[in-house]
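Chains A and B, in that order, give the protein sequences. Note that the first sequence covers residues 0 to 468 in numbering that gives the first Met the number 0. Note that the second sequence covers residues 0 to 459 in numbering that gives the first Met the number 0.
Worth flagging that the hints you see were computed from the coordinates, not collected in a lab. Glycine included, C-beta positions come from ideal geometry on N, C-alpha and C. Do not take every clue at face value.
Facing chain B, a subset of chain A residues (Cβ under 7 Å, in silico) [what the hints assert, rightly or not]:
1. N21
2. L77
3. I81
4. S260
5. L266
6. I405
7. P451
8. L457
9. T462
Derived lysine to aspartate or glutamate pairs resembling EDC-like cross-links, with alpha carbons at most 16 Å apart [unchecked claim]:
10. K62/A x E20/A
11. K301/B x E89/A
12. K351/B x E44/A
13. K351/B x D55/A
14. K184/B x E271/A
15. K467/A x D203/B
16. K157/B x D332/A
17. K93/A x D347/B
18. K285/A x E186/A
19. K351/B x D54/A
20. K301/B x E267/A
21. K182/B x E267/A
22. K184/B x E267/A
23. K411/B x D54/A
24. K171/B x D218/B
25. K184/B x E269/A
26. K411/B x D55/A
27. K467/A x E202/B
28. K184/B x D332/A
29. K301/B x E271/A
The calculated label-pair distances, taken between Cβ atoms and stated as ranges, are [as the list claims (entries may be wrong)]:
30. P110/B x R441/A: 39 to 47 Å
31. S274/B x L126/A: 50 to 58 Å
32. H164/B x K386/A: 36 to 44 Å
33. R306/A x L334/B: 47 to 55 Å
34. P115/B x D332/A: 31 to 39 Å
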Amino acid sequence: MMQVDFRRRKGRGVFEVGIEENILAILDDAQEAQYSHDNSLAFLEAVRATSVAADDGIPPTIKLVAAVFRIFRTGKSLELIITSSQLLNELEQKFPRVFVDEGALELSSGSQPRLIVDEQAWSPFALNLDSDRVTSNESPACPIDTLGFYLLIQELAGAVNDSNVQLQDIRYLRSMLLFQYLVNVIEVEFLARNRIYEETMQWTILRESTLNILLNSRRVNYKSLVKDCLSIICGLHKIHASSNDFLEDSAAKSSKDSQISLAFASLEVEVEACVAVQKLMITITKLDELKKQADLKGFTTRADGVRTPLVEIVVNELTYDNEILSPVLQVLDHPRWKLELVLQYFAKYITRPAVRTRRGTEPEEDATFYGTLRSFTNISSAKSVIKKIGSEALQLLLAHGFLAQISLPRKCSKSEALLYSILEVSLLEICREMISAFNNLRKAYSHLEILPIAKEALFVASTILSTKS
Amino acid sequence: MTQKASMRSPLDFELEDPLLDSPAPAKRRKKVIGLDDLLTDYYKEKDKCIEGELKSKKARKIDSSDEEDNAREATLSSALDKYHKQMQDMGGDDEISHWGLHVFGTQKSLPELVLPELHSYGLLQSFYENKHNSLVGLRREEGDTFLEGLLINGWLLKLITVQNHVEEVIAKWVFNLMMFSSKGKIRMSACDFWCSILSLKNEDNASPIRIDWVPNYSDIGGALDVYGYICNSSSNWASHTDCDLVEPSKNIQTWIKFVTAFCEVRSKRIMLSTSEAVELIIVVISLFLDRRLGGLSILLYKCLVSTINYLTDDEWNTSSEKIAKCLACRVPRDLNCLRVVECISGVDGRSKSLRSKVAYEILAIYLDAKVANDEEILNILMSIKVKERSCDLFKVYICLILAENWLMWGPKLEDRPVICEMWGVFLRSCSFFIASTDLRSYASKVRNRASYLLHGSSTD
Chain A
0 MMQVDFRRRK GRGVFEVGIE ENILAILDDA QEAQYSHDNS LAFLEAVRAT SVAADDGIPP
60 TIKLVAAVFR IFRTGKSLEL IITSSQLLNE LEQKFPRVFV DEGALELSSG SQPRLIVDEQ
120 AWSPFALNLD SDRVTSNESP ACPIDTLGFY LLIQELAGAV NDSNVQLQDI RYLRSMLLFQ
180 YLVNVIEVEF LARNRIYEET MQWTILREST LNILLNSRRV NYKSLVKDCL SIICGLHKIH
240 ASSNDFLEDS AAKSSKDSQI SLAFASLEVE VEACVAVQKL MITITKLDEL KKQADLKGFT
300 TRADGVRTPL VEIVVNELTY DNEILSPVLQ VLDHPRWKLE LVLQYFAKYI TRPAVRTRRG
360 TEPEEDATFY GTLRSFTNIS SAKSVIKKIG SEALQLLLAH GFLAQISLPR KCSKSEALLY
420 SILEVSLLEI CREMISAFNN LRKAYSHLEI LPIAKEALFV ASTILSTKS
Chain B
0 MTQKASMRSP LDFELEDPLL DSPAPAKRRK KVIGLDDLLT DYYKEKDKCI EGELKSKKAR
60 KIDSSDEEDN AREATLSSAL DKYHKQMQDM GGDDEISHWG LHVFGTQKSL PELVLPELHS
120 YGLLQSFYEN KHNSLVGLRR EEGDTFLEGL LINGWLLKLI TVQNHVEEVI AKWVFNLMMF
180 SSKGKIRMSA CDFWCSILSL KNEDNASPIR IDWVPNYSDI GGALDVYGYI CNSSSNWASH
240 TDCDLVEPSK NIQTWIKFVT AFCEVRSKRI MLSTSEAVEL IIVVISLFLD RRLGGLSILL
300 YKCLVSTINY LTDDEWNTSS EKIAKCLACR VPRDLNCLRV VECISGVDGR SKSLRSKVAY
360 EILAIYLDAK VANDEEILNI LMSIKVKERS CDLFKVYICL ILAENWLMWG PKLEDRPVIC
420 EMWGVFLRSC SFFIASTDLR SYASKVRNRA SYLLHGSSTD
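Next comes chain A alone, as it looks inside the complex (with noise of 0.2 Å):
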């Protein structure tokens, strides 16, 4: 609904600055650290309705970010919390800091669209200042730097893995709505550089943005990182299982006003942050592509440095740990890189003569989920996967892996079509195949018990059989 104001800062006028103090007076009476509440909601609300809201809204101030930044991370009640986190994102929406110019309203020559960074603006990330600095999330108004966004994804990590926090604190609330900013600025960055990237294949682009930044630092341990990601949505597919029967805890229905609207918030916002958490991982997987890339393009030098690809870390992960397979695969709901997950988990196990290192520029069938239900058709091999990899893990894989190629868009580009084999192989086919895959599987073993998701995939695949043919 809301368009990206592409008339920026052209020179700070008297006009803007009588706003800005106009509006930052608002705060005024309170001269310590802490603002009033009801000050802190009138301050916001005026910042909304001079920028976001406006019709010609005019981005607001360094200052008014910074502030509306602080009201968020050192506000005492819920309402300063999810408002100032509101605007936030409402800001980065409408403002943000890095964006394409279209260039075609200006002038006829010479429209290409271009990358814009407004150097001027603020950002919720401080990343330049890494080598000097220990920690600069001692003080709640600062940015965020390289140090201060992983310990956030570990404290989360932490959190939801722990009984004994009580999840529904105003701490771990903030924790999680800031994680779900961060991550959008992250990615709405992302992409427009990524648009541009697109185009002019300078790969400086990308590599200036603040994902490929965060992840290149020596001060982060990429790979814990990736590892809290996983732990995260671990944890918070647990807290959804077992909080189930809701009805129960509110017998104890002495809780405050406060305490019942805590609760809710916290139902929104974990289900956010499982959202984001994926959204990272996505993105991540993206930057991992495009360098891929650059790499075999000579674009990327040596300052570049080796990364593993996201992935390979997950598909690691997965296959050291195969108690965290099922809630994994049950939360991410992106197809393509679900399916991308299980492909890669299949990989490691199932040997084929095509190497996937080709991938996308010549399709090899056997890289394709049809091609790996295909190699159940030999009894013998499917006893030896189901030796590798164990008959749960297995069914879990191969059910997920349905509902991912199943759920892939039908019109998609030509590259991604080669790819997963859509067009080549039908929905039926795909069906046929898994319904005889599961066949083979138990005739190679004999008490294989079916679970439950297998079942469903199952009933799906013949239910479409049925319908279709």
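Based on the hints, put chain B in the right spot on chain A.
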């Protein structure tokens, strides 16, 4: 000692009648608000008086020894701190009143979640006979649980996508789960299912898929009744503090999400009549008043934007005033009426104009304006004597905020010079005639807000 420094020392403060203007806060205020010359002159006069008094005080002080002086200064300053704190506490009653109503009372009994027809659901039936069932081994008595699994893991939606058709029994069953299931996971999956099918398109011809049953207004409103919603159409919204403080149903979260998605697909399906849509908007606004739902405020904002945009332009033009009038009649005349205005986000043209209209209607009722036209209302506001001790500043505060919302979110003020002039007069009276040391509750709030608005309009 310079004049400035002397003003900051606690001793000067003590010299004055605490009820009189104290220069220190005034100085600070002046810096940030930038009051006009008139006020500057006024303070200059004041400063001169103080200077005079100071000189005589200083002359007396010289006699006492330094030590004695320090000790006395310490006690005085601590006493002063105490009084100052007391004064702040007295002025701080503002924080005590809050908005907030309980719009949910006792919940009613939940309807049956499993429909009897579900057992005869075609796809299940045909699967029992299917040859592949030998592999799965699905038994008839497991049907319901199996369907739940299909829903939670997203299979059901895939089947719908393939078939381009949602059967009535499935639509109803999932709707019930979404609105009434106590299991978070099921509730959420059911909500995702409904939100998806509403906008799902047939892959061959891009037409919306066939849904045999779509909830109508009474299904949606009925769910709220089950949750114990008590702000129904006929009654005024009053604080129901007497009712049992039961936690509102968690399903309200999925209700809000569903209504948002439901209203977004107007272009494809017409599901509510104009009056039902109007009522729905009012219901959504009433939910903002329950503090217990504060944690869902972001969802509620989205929901309100979506419901407001459900109507067509013609319907909107005829209905928006009705909505505003209706809200004005129902909302209690306290801080809740400001909440009602402020929850309308103003991100688009419609919500801007609605915000302005709602504020206007409430203001008209609040001021008891017989013939409500713009000038009349401003005349009443201008006639308020904020200086008089009998003046209810709480009421002035509410009027000020309402008028601000009415004028700032409505048509541009520059095009209405008379209104603009009158508004300026009212603001100046609030800003200049309430002293910064006025201890009445809401004095500083009115004063600060008016100064802020005054300054904002002068920079335009």
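A quick look at each hint next to the structure:
Below 7 Å, beta-carbon pairs count as interface contacts, and N21/A has one with chain B at about 5 Å; its hint therefore holds. At its closest, the beta carbon of L77/A sits 6 Å from a beta carbon of chain B; the interface hint therefore holds under the 7 Å criterion. Of the supplied interface hints, the one on I81/A holds, with its beta-carbon coming within about 6 Å of a beta-carbon of chain B, less than 7 Å. Taking 7 Å as the C-beta contact cut-off toward chain B, the hint placing S260/A at the interface holds, the least distance being around 4 Å.
The interface hint given for L266/A is met, as the beta carbon of that residue sits about 6 Å from the closest beta carbon of chain B, less than 7 Å. The criterion of a C-beta within 7 Å of any C-beta in chain B is met by I405/A, whose closest approach is roughly 6 Å, and the hint holds. Among the interface hints, the one on P451/A holds; its C-beta lies about 6 Å from the nearest C-beta in chain B, closer than the 7 Å criterion. Given hint, L457/A at the interface with chain B, holds; its Cβ is 5 Å from that chain's nearest Cβ, closer than 7 Å.
A distance limit of 7 Å between C-beta atoms decides the matter here; for T462/A the minimum to chain B is near 6 Å, and the interface restraint holds. In summary, the hint linking K62/A to E20/A is supported, as the alpha carbons are separated by about 10 Å, within the 16 Å threshold. A distance of roughly 12 Å separates the Cα atoms of K301/B and E89/A; the hinted pair therefore holds under the 16 Å criterion. At most 16 Å may separate the alpha-carbon atoms for a hinted pair to count; K351/B and E44/A meet this at roughly 14 Å.
Between the alpha carbons of K351/B and D55/A the distance comes to roughly 13 Å, so the proposed pair stays at or under 16 Å and holds. Of the pairs offered as hints, the one joining K184/B and E271/A holds, with about 14 Å between alpha carbons and a cut-off of 16 Å not exceeded. Among the hinted pairs, K467/A with D203/B is consistent with the structure: their alpha-carbon atoms are about 14 Å apart, no more than 16 Å. Proposed proximity of K157/B and D332/A is supported: the alpha carbons are some 13 Å apart, at most 16 Å.
This hinted pair checks out: K93/A and D347/B have alpha carbons roughly 13 Å apart, not beyond 16 Å. A distance of roughly 11 Å separates the Cα atoms of K285/A and E186/A; the hinted pair therefore holds under the 16 Å criterion. Taking the CA atoms of K351/B and D54/A, the gap is near 10 Å; set against the 16 Å cutoff, the hint holds. Taking the CA atoms of K301/B and E267/A, the gap is about 14 Å. The hint holds against a cut of 16 Å.
Only pairs whose Cα atoms come within 16 Å are accepted, and K182/B paired with E267/A is accepted, the gap being roughly 15 Å. For the suggested pair K184/B and E267/A, the alpha carbons sit about 12 Å apart, so the restraint of at most 16 Å is met. Taken as a hint, the K411/B and D54/A pair is honoured in the structure, with Cα atoms around 11 Å apart against an allowance of 16 Å. At roughly 10 Å between alpha-carbon atoms, K171/B and D218/B fall within 16 Å of each other, so this suggested pair holds.
Distance hint between K184/B and E269/A is fulfilled; the C-alpha atoms sit about 12 Å from each other, no more than 16 Å. Between the alpha carbons of K411/B and D55/A the distance comes to roughly 12 Å, so the proposed pair stays at or under 16 Å and holds. Between K467/A and E202/B the alpha-carbon distance is near 14 Å, which keeps this suggested pair within the 16 Å criterion. Distance hint between K184/B and D332/A is fulfilled; the C-alpha atoms sit about 15 Å from each other, no more than 16 Å.
Between K301/B and E271/A, the direct Cα distance comes to roughly 15 Å. Compliance with the 16 Å bound is thereby established for this hinted pair. For P110/B paired with R441/A, a C-beta distance near 41 Å keeps the hint of 39 to 47 Å intact. Judged by the Cβ atoms, the range 50 to 58 Å given for S274/B and L126/A holds: they are separated by roughly 54 Å. Distance hint check for H164/B and K386/A: the Cβ-Cβ separation is about 43 Å, which falls inside the suggested range of 36 to 44 Å.
For R306/A and L334/B, the hinted distance range of 47 to 55 Å is satisfied, since their beta carbons lie about 54 Å from each other. Restraint check, P115/B to D332/A: a C-beta distance of roughly 32 Å satisfies the suggested window 31 to 39 Å.
Violated hints are absent here; each numbered hint is respected by the structure.
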